[in-house]
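Peer 1: Spelled out, the chains give:
There are 8 protein chains.
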Amino acid sequence: MNAKTIENLLLDVKENKLPVEEALSILKQLPYQDLGFAKIDHHRELRQGYPEVIYCSGKTVEQVVDIVGVMFHKGSNILGTRATEEMYLAVKEKFPMVEYNKMAKIITLLQKKIQISDSYIVVATGGTSDIPIAEEAAMTAEVFGNKVERIYDVGVAGIHRLFSKLDIIREAKVVIAVAGMEGALASVVGGLVDKPVIAVPTSIGYGANFGGLAALLSMLNSCSSGTAVVNIDNGFGAGYMASMINKL
Amino acid sequence: MNAKTIENLLLDVKENKLPVEEALSILKQLPYQDLGFAKIDHHRELRQGYPEVIYCSGKTVEQVVDIVGVMFHKGSNILGTRATEEMYLAVKEKFPMVEYNKMAKIITLLQKKIQISDSYIVVATGGTSDIPIAEEAAMTAEVFGNKVERIYDVGVAGIHRLFSKLDIIREAKVVIAVAGMEGALASVVGGLVDKPVIAVPTSIGYGANFGGLAALLSMLNSCSSGTAVVNIDNGFGAGYMASMINKL
Amino acid sequence: MNAKTIENLLLDVKENKLPVEEALSILKQLPYQDLGFAKIDHHRELRQGYPEVIYCSGKTVEQVVDIVGVMFHKGSNILGTRATEEMYLAVKEKFPMVEYNKMAKIITLLQKKIQISDSYIVVATGGTSDIPIAEEAAMTAEVFGNKVERIYDVGVAGIHRLFSKLDIIREAKVVIAVAGMEGALASVVGGLVDKPVIAVPTSIGYGANFGGLAALLSMLNSCSSGTAVVNIDNGFGAGYMASMINKL
Amino acid sequence: MNAKTIENLLLDVKENKLPVEEALSILKQLPYQDLGFAKIDHHRELRQGYPEVIYCSGKTVEQVVDIVGVMFHKGSNILGTRATEEMYLAVKEKFPMVEYNKMAKIITLLQKKIQISDSYIVVATGGTSDIPIAEEAAMTAEVFGNKVERIYDVGVAGIHRLFSKLDIIREAKVVIAVAGMEGALASVVGGLVDKPVIAVPTSIGYGANFGGLAALLSMLNSCSSGTAVVNIDNGFGAGYMASMINKL
Amino acid sequence: MNAKTIENLLLDVKENKLPVEEALSILKQLPYQDLGFAKIDHHRELRQGYPEVIYCSGKTVEQVVDIVGVMFHKGSNILGTRATEEMYLAVKEKFPMVEYNKMAKIITLLQKKIQISDSYIVVATGGTSDIPIAEEAAMTAEVFGNKVERIYDVGVAGIHRLFSKLDIIREAKVVIAVAGMEGALASVVGGLVDKPVIAVPTSIGYGANFGGLAALLSMLNSCSSGTAVVNIDNGFGAGYMASMINKL
Amino acid sequence: MNAKTIENLLLDVKENKLPVEEALSILKQLPYQDLGFAKIDHHRELRQGYPEVIYCSGKTVEQVVDIVGVMFHKGSNILGTRATEEMYLAVKEKFPMVEYNKMAKIITLLQKKIQISDSYIVVATGGTSDIPIAEEAAMTAEVFGNKVERIYDVGVAGIHRLFSKLDIIREAKVVIAVAGMEGALASVVGGLVDKPVIAVPTSIGYGANFGGLAALLSMLNSCSSGTAVVNIDNGFGAGYMASMINKL
Amino acid sequence: MNAKTIENLLLDVKENKLPVEEALSILKQLPYQDLGFAKIDHHRELRQGYPEVIYCSGKTVEQVVDIVGVMFHKGSNILGTRATEEMYLAVKEKFPMVEYNKMAKIITLLQKKIQISDSYIVVATGGTSDIPIAEEAAMTAEVFGNKVERIYDVGVAGIHRLFSKLDIIREAKVVIAVAGMEGALASVVGGLVDKPVIAVPTSIGYGANFGGLAALLSMLNSCSSGTAVVNIDNGFGAGYMASMINKL
Amino acid sequence: MNAKTIENLLLDVKENKLPVEEALSILKQLPYQDLGFAKIDHHRELRQGYPEVIYCSGKTVEQVVDIVGVMFHKGSNILGTRATEEMYLAVKEKFPMVEYNKMAKIITLLQKKIQISDSYIVVATGGTSDIPIAEEAAMTAEVFGNKVERIYDVGVAGIHRLFSKLDIIREAKVVIAVAGMEGALASVVGGLVDKPVIAVPTSIGYGANFGGLAALLSMLNSCSSGTAVVNIDNGFGAGYMASMINKL
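Protein chains in written order, with UniProt numbering: chain Y, 1 to 248; chain A, 1 to 248; chain S, 1 to 248; chain F, 1 to 248; chain H, 1 to 248; chain U, 1 to 248; chain B, 1 to 248; chain Z, 1 to 248.
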């Protein structure tokens, strides 16, 4: 196709339909389009209803409001992660339809209807303290158009809680296992299901937990095959990856 | 179905078709089947042609030969990872049809025809030293019935090599990015494709590489969304996970 | 016993005392009970006076009050660890009989009389700064029905203080050694007594202490046999483990 | 008793039965006996059949043979851990009755009958590669007079294997959980039994396992109460601690 | 020259123009001057317009004001890094011409005209959060008399942004690459340009970023030649080093 | 002497000057005295003017005031390290003669004249930010009766500053080198003097300094012989050790 | 220039001098050339006499011989780093003119005369054990056409050795400071010269050196401005970077 | 003295006894002598019988033989640390009077009588495996002219062994405490004696010992004052430092 475009351009030059200067100016922009960089940049909006994402942490309240404004006027759905309540309130003043999930620290401003998948993603947590990260993953997946089943507080210290939900977990297309402490949930789930498991270590714990390092190493060393790991507390990354897989 | 089985059993008891003792003995075995554990155990063989896997590292030559023997007589396809040449030769003596990929340290003994997927997995490496781990991933995926495209030595120090293969990479259903040193390949690939990327840090490097830690941390902190990470040098895990995703 | 229950159920079905549907519904719940999960879940209450435990850290004040409420109405004794004074005051408003140990950050709400063991647990500390963690261990053990002897500030910098208490330490059934800094107390105690020693590293220290890592590694490498270690600052875990051993 | 001894000595001095010089010389040795040091030193032999332990690692073959010789002539049972085959053969030349467990790297030379406990210790492993460390623990416990049940290769990647042994595990007085990789076995076992669990991380694994660090941190951060941890690969320490608990 | 000075002195002594005592006293001070220490101390002022630098972090407001005062009266240009707004305001009260870059936390007080180089330094960042450190580098370089081109937010997650600036980057004499997260920018830039690259890891990130360690290790292990690294967040050091190189 | 005491006691018993009960009660206290523990406990006061030390960090204001009170009434000189201003003010209310060095965070309450040594200790620092730790070392040494020479801000970035003080440093009996950042001062000083050097790493620095780890490792690996290291920021420990050496 | 090429091509098409198919085929290769990738790829050979580099570590002897062969036939100068003696001998068999520096583990095969710079690079080491890494740096720089002055064994333990070479060091255009142990050389040199210093930590040391980590952290935290650091033992990287700077 | 030398030189110039050129040439070498560098270099030989030290590790056999040769012909006593048996044999061939301590890996070649101190150094170890490092310390101290008392295998697992040697330890002028595992010996000794303690962590241990890190951190965090630490396994450094202190 692209080659075709160039061929046509050359033919136009040959046939004097296109001045050399103009052809030159078109060709000078080709490389990036040819490489598809623009696709990367804009591919989300191209597909209807896809959200744009703001990682709010480390940005000022004003910056967040400004970025939301720009995206809003493009008509995009907007997902803001790690947003403080202060940010939410500032955005709300200008865009009253914005919504805030305090636990997940997520702002959403939906202008277009989201298509929801038939297959679903399970988001499971070891404890209740892992829920904020799990919610970040779950909401990210939902805003990207995935059906999500939440199965919280099913850690291995009381493994029967996990077993009572096994049917739902096994029917999922992909599973996100969120756990702090020793992060054993990922291994146990990985051993019980035959689907890709995305493991999210959380920084929940103390002492020799070292800010989530214990769970991270545990998950990376999982003896269950079919598990891959994202950064500590990276609920967004897990939700995004799971969405990619669920949409395949 | 299972509930149906129990119902029938109860009806049989009620109608005196089944003695209570016999029913009791059947019911005592129910829990595990009901939980589906057996499924886990045997699900691979149930699907035709699926291989059984032996992690050979840390096993003696005799143990490997014995396990191959057991699997062979079940008629399974067999995949042995991290196998030494000595192991291969010992297996070959008994099972002459076994094959060995010296670079990937993989033994394969295929008794059934493998169904190959239409969609494919890309396995890319940063350097030539990462190829053994990449081969472990690629062969694992192939033995599990996936089509694999190998794109080796496309690290970021000469990024044009990567760009010349972008078309093939973008058409894959899932990408495995294998890299040592600073592991930047995963981030760059993650930024260029719209498919799940499984990042495999390798232990290639020296000094402040700390046995692959540099690449591991780099990949976990990737600023590109849609990337998840497996353990250092865990080609098998990446191949297995990619196979799961590709087969969805 | 459990087999007996199923046998009776089958007999009831056979003799038409129990409709098949009802039997089916009972049997569907069996697996977990058969596996004993329920035992895990409820075993504490089954034994008279056993407390239920709330790990308050990371929970909101409201969550703590709610959980206490649920447990209170089951008639349980309640132990809340890592509770802030604010949590205590909020609980007190609803349950005036609650008590608070500010140093140990422990809430207790005892509705049933606790049976106290004859044998006792020694809780020893290296310094005075280790006492909060030691109190967490000691109170946990006490609420679980153990006699506890506290021997504080007997660190190795003035080892004669430890020796003057040796008789009491040696008569204990199990010893908890709580120490920060270099954590040498565990090794010295381990070398002097012929009983299991549970070592608790604390985060007391500075500089190359790295938040308790120095004491943790020291205790894990103890040259004295008969010592095992819990997480840094995990007084509750040590008290719980010691209680298990003391009750054997 | 000791006070009695001193009183008698003083009376003997008073009654001129004992010269002052002799009394002085006796009293000068008192402190250590009074502090019970001698008890520490010799307490094992005092109880019939108790073994003496040699940590062979880092000793020369000659040193091991010499130490065995000294112990043998005291009539002690002897346990040598981390012994090489070369050490075993050298010892065997002089003491043909010595036995060697090659997997556990343990030498035993038993001259007295060992009394075996009624209650038993369970030694469980996650994988087959953990068995050498498990055997070190099990044989240590056995030589110290404990009944041991071995339950190997019941890791969480196939958790039904563990469940099928739950009855035996739950009847134990104390459980030793030996696991490498991510070490999740300890948490799962800890959540299923109501007995003290001694967790032994092993150095089995690769990459981000960092020589057992992953399993160690995982076990220290276990969300299951009633678990304490010994050093990586410290099977002897776990067996010794379990023996202490089982003998209470 | 220096040898000449001594020779003259000796001639003066020989010719009785200089008393021995005086010559002795002069010679006793020689070593430091001979070694050039004084040059080190004062060399910046010797070259016209060179700034003096204050590292404000860890100093009190009063100390900063005092040091600025001393430098001001020497007529120097002054650069204060890591200065708080409070420091700026206190300095401003006494020296109203002082300027403050809030983002870079830099105070400048320029009394002499700075000569600007023809060749330029590129300062590039991966994300917007890296800009404060980049500004510290850029302003340092500028105050030292270098032309600087800022190219911000060109991280590898959207690599086309970087390519669109490649011409400007390639014409620089030296490039400063500032990046947090996984720090891949340095490797990619290093692979694209044929000039020295100074890599500045930033502490931007979370979880397994470990305060910039991920980016630091990534940059140290860069597979691109021609890259050297400064401390995490050390914008000043990078600016200073780049200035040295640009001025060669 | 001690043996003599026992001999006399025995003679007294023999000669009926001392009842057996009384002798027994005296002898029961002997062990600790015989082992010299009491010496340890009280040896500081025994030597005239020696201070008692309070490590104030982690203690409450009330605890500090109480301990000062007890020490004061024994007539001791008192040294309180890591004391907050609030602690100082609270102590001052009761003991107006107390003095406070705000920079060193040291409280002193001297009731007896301190004997000052002839030989002296040099306390040198790399930068000005290291001075608080250096003052803790210097004041500790002074209160223990040592003459101290302070040589501050002589770090290796401007090594001529150090050389200009070399004479004073070389005449010291022991040198304390206090430095943060890369801690090179200790090596350079160790290479220039022929006296014991006590190196104190400080937590001054940022980024890859890791809270003083860089300086600590640097000092432990010093290529200069005659250097030993104390914990990060442990000025007191260095002052105490230097005092011990200076008083030999 | 490049735009000119395209313009000419278009004119040729227009004027029928170039068939459309041929033009298309040329244009399809444009992107990379336009982006300058080819420059990167081939720029070294373009400048006369520039060497091609082989990082031999991790390659087989055959691979090294093959790569040398390819390069040789392009007429390039060849630099092989981290080459074993075995590799050298194998290469020599085919290319007898190859030379080997055993200490630096460097193979050179020079077919074109190298132009040597007027300005020079100083390569300094702390000890004699650092010389192999220093030689790797020095030879790399030399093969790239730089004059190099070696100043070895001038570590800070005997700082006068360094001072006696200060004149030569100060006249260099760039300094490479190679040191293991505590790596203080970089800071001291950085404080004495007014030129860019490239610090190379080596893995020389033991114990708390942790394979060069001590020197690495020390150099990253250098209190001397104008210093940047390469990976542990990365002599090649330092030589390459210094060459880039020296050639500016 | 030095000033006198210069004065005389000036007088000679003045009185024409010395040509200006010659005086100039002498003065040009002055700086280093004036700074006393030469003293550093040669001070050991200046004092009668002082040994020269060779750190043999990382040197070739030939290098060691050569260095010994140079030192021998200066008439020095020679101490070679970390020498292999092969080195010893090669030296012996040329200098038959050389002696070798295989355990300490120390070569000594004494040509002058060593003056032995009256006061003594105690070298104590925790276990028998620490003895090689202890011997390195002890022999270093002895060759430097110190009387040494060895007290080996007195670790805290059997603390009575230490107490039985307390008299000898307390009479020492300085104590070297050598220990691996958890390194508690240093703290216990530091709490029992009133003399400077030099702590030497050894790499003896396994698992979470991390090559001596556990003992190192333990010793740095010692709660006993008067302790300073040298690098892991640095027996020579401890012996040198102790010698410095003992000779004060």
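Simulated from the structure, these hints should not be mistaken for laboratory data.
Among the hints, erroneous ones may be present.
[Claimed, not checked] In silico SDA-like pairs for lysine to any residue, Cα to Cα no more than 20 angstroms straight-line:
#, chain 1, residue 1, chain 2, residue 2
1, F, Lys14, U, Lys59
2, Z, Lys14, H, Lys147
3, Y, Lys247, A, Val53
4, Z, Lys14, H, Pro19
5, F, Lys14, U, Ile6
Peer 1: Each of the hints needs a verdict: does it hold here or not?
Peer 2: Checked hints:
1. F:Lys14 x U:Lys59: At roughly 53 angstroms apart (the allowed maximum being 20 angstroms), Lys59 of chain U and Lys14 of chain F break the hint.
2. Z:Lys14 x H:Lys147: Given pair Lys14 of chain Z, Lys147 of chain H is violated - Cα atoms ~56 angstroms apart, limit 20 angstroms.
3. Y:Lys247 x A:Val53: violated, 29 angstroms
4. Z:Lys14 x H:Pro19: At roughly 9 angstroms apart (the allowed maximum being 20 angstroms), Pro19 of chain H and Lys14 of chain Z satisfy the hint.
5. F:Lys14 x U:Ile6: Cα-Cα ~14 angstroms, so holds.
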